[in-house]
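So the protein lines, in turn, are chains F and A. Numbering-wise (the numbering used here), the first sequence opens with residue 1 and increments by one. Numbering-wise (the numbering used here), the second sequence opens with residue 1 and increments by one.
Hints may contain errors.
Pair by pair, the computed Cβ-Cβ distance ranges are [to be verified]: (1) F/Ala250 <-> A/Arg174: 20 to 30 Å; (2) F/Asp12 <-> A/Arg246: 30 to 40 Å; (3) F/His13 <-> A/Arg263: 35 to 45 Å; (4) A/Glu202 <-> F/Leu260: 19 to 29 Å; (5) F/Lys82 <-> A/Gly137: 30 to 40 Å; (6) A/Ser259 <-> F/Asp333: 48 to 58 Å.
What the hints contain is simulated information worked out from the structure, not anything from laboratory work. Given the structure is predicted, the values throughout are model-derived calculations rather than measurements. Glycine is no exception: its CB is placed at the ideal position from the N, C-alpha and C atoms.
2 protein chains.
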Amino acid sequence: MIRISIDAMGGDHGPDVVIPALMTVATRRPDAHFIIYGQENLVRPILDKHPRLAENSELVHCDVAVGMDEKPSQALRHGRWKSSMWKAIEAVKSDAADVCISAGNTGALMAMSKFCLRTMASIDRPAIAAIWPTLRGESVVLDVGAGIGADAHQLVDFAILGTGMARAVFGIERPSVGLLNVGVEEVKGQEEVKEAGQMLREANLASLDYRGFVEGNDIGKGAVDVVVTEGFSGNIALKTAEGTARQFAAYLREAIGRSLLSRLGYILAKGAFDRLREKLDVGRSNGGVFLGLNGIVVKSHGGADSDGFAAAVDLGYDMVRNRLLDRIEADLDLFHARNPKAAGARRSDVETDEEG
Amino acid sequence: MIRISIDAMGGDHGPDVVIPALMTVATRRPDAHFIIYGQENLVRPILDKHPRLAENSELVHCDVAVGMDEKPSQALRHGRWKSSMWKAIEAVKSDAADVCISAGNTGALMAMSKFCLRTMASIDRPAIAAIWPTLRGESVVLDVGAGIGADAHQLVDFAILGTGMARAVFGIERPSVGLLNVGVEEVKGQEEVKEAGQMLREANLASLDYRGFVEGNDIGKGAVDVVVTEGFSGNIALKTAEGTARQFAAYLREAIGRSLLSRLGYILAKGAFDRLREKLDVGRSNGGVFLGLNGIVVKSHGGADSDGFAAAVDLGYDMVRNRLLDRIEADLDLFHARNPKAAGARRSDVETDEEG
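Excised from the complex, chain F in its bound form (with noise of 0.2 Å):
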């Protein structure tokens, strides 16, 4: 059985989408238990409706809900210890359950999960990590906005946790890693990205391929199953990619419509065009994973539909059958035992955005 806490308050539609799409999710894999937590006159009249899912689940009533908007401060201040969203957290933190999904807002979620989790021993900065859509499939991209500015050993701590990630959602025995970087020779880019580069060459890692530096164009093509940034640069690519594929869109809306001669050929063609739109529904794959903590927690997009919302329960229920944070802490173990210094030479003052 795999257990799947939920907070059933966050995002833009709340229980409307939540329990929808765990209806869906609970069709699919018969050993998943969620333990939802929610206002109950909200949640329950719609949990009724779905009578096989109600079986499979218990609900924990909460009278606090974290807003969209709070900020991660007013979010502690207000919804520690009680609210929907760090509920769900604590169920992990307390083994209740092995997974939590939000799609609550994401500096909330990330200042409670820090507060409640803790970041892993050996870990001095969590890092969100995305699944990005590629010509060769997928990749993992990390961080994408949990801090910002990251060190060397930093950045090979994220090296790390994204090639467990990528072991457990893609099922890669030894994924390619590179480094987000403004060109590919040695020579080039900050000092960080630098020396990240020469520990991982000279770490030799078993469990991941490091390929050296890479650039934002390499990204989409799938040149790495991993690519390794701090979190400014790989919040700024992220988002710029998700722009660029609504531009994209939008192109081809206005290109289509402009004569009935391309009308009649887009309703000919309509078939590659709803897969075409299929892939580049940010919605759909859009769920942010936190990695460095004592336990997983799957970010959902806030304006995910059921769909968006039951893509990001699966990515959860996943990496918890593939034993995502078992590979994770075996990595570390291994290569903190291979360079013993690395440990030392952290620098303490994390920067925390916690404010953001």
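Starting from the known structure of chain F, arrange chain A on it as the hints suggest.
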């Protein structure tokens, strides 16, 4: 008359692309005069095929051409004083030309441009500005890779440089400006970005309309006319957008190629798709402009075809006709007259990435 110096040896195709491009521009712009630097035995035969261009241009023989793979330091060592790239830049310095265009390698072109033209008196670091196609038209985005990192003063300089370019190229009297960040709230992001935001808000410049922070997905929307960022994030954003556009084009080809019905649809809608492809053609719009130097240098895409190179020449022509440098100098003078402390507070350890 607008005098344009041309490095005929740059780019993947050299004079085979450059000379036909100049012919195109010469037809459109009868007052353009070209000074072409390159190997006479390669350039002359192509020039002789275009007698109208030959009338409006002079060819200066240069023995040395800078290779596309040469590092900036190598290029400076063997190409300074004598290569076609150097000579074309030097023509701007000696006031034989108003603007220089090259499709040569970016690192070498920037290193030579800095060495030959030097940065403007009140600027300590140049920027590369890209023209980014958006849903509302086009925006200027800078820095897309001249340097790595920028302090708050340098970001403010970039805002003034980019504004001057938006005024000269788009004809907007008071362009809107945004700082690229990971959120739009004032408390978010890198310290340098927050500080630059405060400086721009307080300066309340007549030449630009500061709109606060923008995120990666705002670039493609055309949320502001000028997007300001440091070179690492800017380069990653630009290349990620290029990669996503290529990815989208590949999906489209794949979606359309799959069935007879959708191919028929494509043929009917072909006019619409041709317009779409034109909008997404990075080669056509991709001209980076070096700003902050005592002279304008336009870098055309290395892989550009004749239309792409012609677009870069057109861009250079427009900037000269609209007195870009005068505008920038006036804006900088105005800003520094009002903010006399700014110059003293700059950091001197400018990272130039000369080796990249």
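Return the numbers of the hints above that this structure violates; sort them in rising order.
Structure breaks hints 4 and 5.
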